[in-house]
Amino acid sequence: MNIYQHIHKAPIRVLRIGRRRFWLRVKLDMLVVKEALSQEKQETKEMLVTYKRYTRKQASKDELADANKQFADLLKGLGLGVFAVLPFAPLTIPLVLKLGKMVGVDVLPSSFNNMSERKANARQLSRNSARKNRIKASNAGQ
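Residue 90 in the working numbering sits at position 90 of the sequence shown, with consecutive numbering throughout.
Don't read these hints as lab results, they were simulated from the structure.
Nothing false has been slipped in among the hints.
Restricting the straight-line Cα-Cα distance to at most 30 Å, the calculated cross-link-like pairs of lysine-lysine (DSSO-like) are:
1. K76 to K27
2. K45 to K119
3. K101 to K27
4. K76 to K98
5. K98 to K119
6. K76 to K52
7. K76 to K57
8. K136 to K34
9. K69 to K57
10. K27 to K132
11. K119 to K34
12. K41 to K101
13. K41 to K76
Simulated restraints, written as ranges between beta carbons of each label pair:
14. K61 to L91: 41 to 49 Å
15. V49 to A120: 28 to 36 Å
16. Y54 to L125: 37 to 45 Å
17. G104 to P11: 45 to 53 Å
18. L31 to I93: 13 to 21 Å
19. L24 to K52: 41 to 49 Å
Just so you know, these numbers come straight off a predicted model, no measurement behind them.
Each residue gets a CB set at the ideal place from its N, CA and C atoms; glycine is no exception.
All chains should be built: construct the whole structure from the sequences, respecting the hints.
This is the structure we're talking about:
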(Lines of atoms letter the chains of each structure in order from A and count residues from 1; the text may use other names and numbers.)
(Lines give C-alpha, C1' and ligand atoms only; values in the text may rest on other atoms or scores of the structure.)
Protein backbone atom coordinates (compact mmCIF):
# COMPACT_ATOMS: atom_id res chain seq x y z
CA MET A 1 0.00 0.00 0.00
CA ASN A 2 2.84 2.40 0.82
CA ILE A 3 4.44 1.81 -2.59
CA TYR A 4 1.13 2.52 -4.31
CA GLN A 5 0.82 5.88 -2.54
CA HIS A 6 4.37 6.82 -3.50
CA ILE A 7 3.80 5.93 -7.16
CA HIS A 8 0.44 7.65 -7.18
CA LYS A 9 1.69 10.90 -5.60
CA ALA A 10 4.90 11.16 -7.61
CA PRO A 11 3.36 12.57 -10.83
CA ILE A 12 1.45 15.17 -8.84
CA ARG A 13 4.62 16.18 -7.05
CA VAL A 14 6.50 16.43 -10.35
CA LEU A 15 3.77 18.65 -11.79
CA ARG A 16 3.84 20.92 -8.74
CA ILE A 17 7.62 21.23 -8.88
CA GLY A 18 7.51 21.98 -12.60
CA ARG A 19 4.81 24.60 -12.14
CA ARG A 20 6.75 26.24 -9.30
CA ARG A 21 9.94 26.25 -11.38
CA PHE A 22 8.11 27.83 -14.32
CA TRP A 23 6.68 30.65 -12.20
CA LEU A 24 10.04 31.29 -10.57
CA ARG A 25 11.61 31.65 -14.02
CA VAL A 26 8.83 34.03 -15.09
CA LYS A 27 9.33 36.14 -11.97
CA LEU A 28 13.09 36.20 -12.51
CA ASP A 29 12.69 37.25 -16.14
CA MET A 30 10.24 39.98 -15.16
CA LEU A 31 12.72 41.31 -12.58
CA VAL A 32 15.43 41.45 -15.26
CA VAL A 33 13.12 43.37 -17.60
CA LYS A 34 12.16 45.69 -14.74
CA GLU A 35 15.82 46.42 -14.09
CA ALA A 36 16.46 47.17 -17.77
CA LEU A 37 13.43 49.46 -17.92
CA SER A 38 14.53 51.33 -14.81
CA GLN A 39 17.97 51.82 -16.36
CA GLU A 40 16.34 53.11 -19.54
CA LYS A 41 14.20 55.48 -17.47
CA GLN A 42 17.24 56.87 -15.65
CA GLU A 43 19.13 57.36 -18.92
CA THR A 44 16.14 59.17 -20.42
CA LYS A 45 15.96 61.53 -17.45
CA GLU A 46 19.65 62.29 -17.87
CA MET A 47 19.03 62.91 -21.58
CA LEU A 48 16.31 65.44 -20.82
CA VAL A 49 18.53 67.24 -18.30
CA THR A 50 21.31 67.40 -20.89
CA TYR A 51 18.96 68.84 -23.53
CA LYS A 52 17.74 71.39 -21.01
CA ARG A 53 21.33 72.38 -20.27
CA TYR A 54 22.01 72.54 -24.02
CA THR A 55 19.26 75.11 -24.48
CA ARG A 56 21.12 77.27 -21.95
CA LYS A 57 24.43 76.54 -23.75
CA GLN A 58 25.84 74.78 -20.67
CA ALA A 59 26.27 71.23 -22.07
CA SER A 60 29.46 69.92 -23.59
CA LYS A 61 29.65 68.14 -26.93
CA ASP A 62 30.29 64.78 -25.23
CA GLU A 63 27.19 65.15 -23.09
CA LEU A 64 25.18 66.09 -26.16
CA ALA A 65 26.49 63.04 -28.06
CA ASP A 66 25.45 60.78 -25.16
CA ALA A 67 22.02 62.43 -25.09
CA ASN A 68 21.62 61.87 -28.82
CA LYS A 69 22.50 58.17 -28.40
CA GLN A 70 19.87 57.89 -25.67
CA PHE A 71 17.33 59.63 -27.92
CA ALA A 72 18.05 57.01 -30.61
CA ASP A 73 17.47 54.29 -27.98
CA LEU A 74 14.21 55.95 -27.03
CA LEU A 75 13.07 55.88 -30.67
CA LYS A 76 14.03 52.19 -30.88
CA GLY A 77 11.86 51.45 -27.86
CA LEU A 78 8.95 53.37 -29.36
CA GLY A 79 9.35 51.43 -32.60
CA LEU A 80 9.06 48.14 -30.72
CA GLY A 81 6.07 49.56 -28.85
CA VAL A 82 4.21 49.84 -32.14
CA PHE A 83 4.74 46.13 -32.75
CA ALA A 84 3.59 45.33 -29.23
CA VAL A 85 0.20 46.92 -29.95
CA LEU A 86 -0.32 44.96 -33.16
CA PRO A 87 -2.06 41.59 -33.15
CA PHE A 88 0.20 38.54 -32.94
CA ALA A 89 2.85 40.56 -31.03
CA PRO A 90 4.46 37.42 -29.56
CA LEU A 91 5.25 36.40 -33.13
CA THR A 92 6.04 39.76 -34.74
CA ILE A 93 8.50 41.07 -32.15
CA PRO A 94 10.88 38.06 -32.28
CA LEU A 95 10.56 38.12 -36.07
CA VAL A 96 11.58 41.79 -36.17
CA LEU A 97 14.52 41.07 -33.86
CA LYS A 98 15.72 38.18 -36.05
CA LEU A 99 15.36 40.26 -39.21
CA GLY A 100 17.27 43.08 -37.56
CA LYS A 101 20.13 40.72 -36.70
CA MET A 102 20.18 39.35 -40.25
CA VAL A 103 20.33 42.82 -41.76
CA GLY A 104 22.78 44.09 -39.13
CA VAL A 105 20.49 46.63 -37.47
CA ASP A 106 20.28 46.90 -33.69
CA VAL A 107 16.55 47.00 -32.96
CA LEU A 108 16.63 46.82 -29.16
CA PRO A 109 17.58 49.76 -26.95
CA SER A 110 21.06 49.60 -25.40
CA SER A 111 19.76 48.73 -21.94
CA PHE A 112 18.36 45.46 -23.33
CA ASN A 113 21.57 44.38 -25.10
CA ASN A 114 23.16 42.54 -22.17
CA MET A 115 20.03 40.67 -21.03
CA SER A 116 21.80 37.29 -20.92
CA GLU A 117 24.38 38.66 -18.46
CA ARG A 118 21.62 40.13 -16.30
CA LYS A 119 19.71 36.84 -16.30
CA ALA A 120 22.84 34.96 -15.26
CA ASN A 121 23.49 37.46 -12.45
CA ALA A 122 19.87 37.29 -11.28
CA ARG A 123 19.92 33.48 -11.27
CA GLN A 124 23.14 33.48 -9.27
CA LEU A 125 21.64 35.91 -6.75
CA SER A 126 18.47 33.84 -6.42
CA ARG A 127 20.50 30.66 -5.90
CA ASN A 128 22.61 32.33 -3.24
CA SER A 129 19.54 33.67 -1.42
CA ALA A 130 17.84 30.25 -1.60
CA ARG A 131 21.00 28.64 -0.21
CA LYS A 132 21.10 31.16 2.65
CA ASN A 133 17.42 30.52 3.41
CA ARG A 134 18.04 26.76 3.58
CA ILE A 135 20.99 27.29 5.91
CA LYS A 136 18.91 29.56 8.15
CA ALA A 137 16.09 27.04 8.21
CA SER A 138 18.43 24.18 9.09
CA ASN A 139 20.07 26.26 11.82
CA ALA A 140 16.68 27.25 13.25
CA GLY A 141 15.61 23.59 13.35
CA GLN A 142 18.68 22.56 15.33
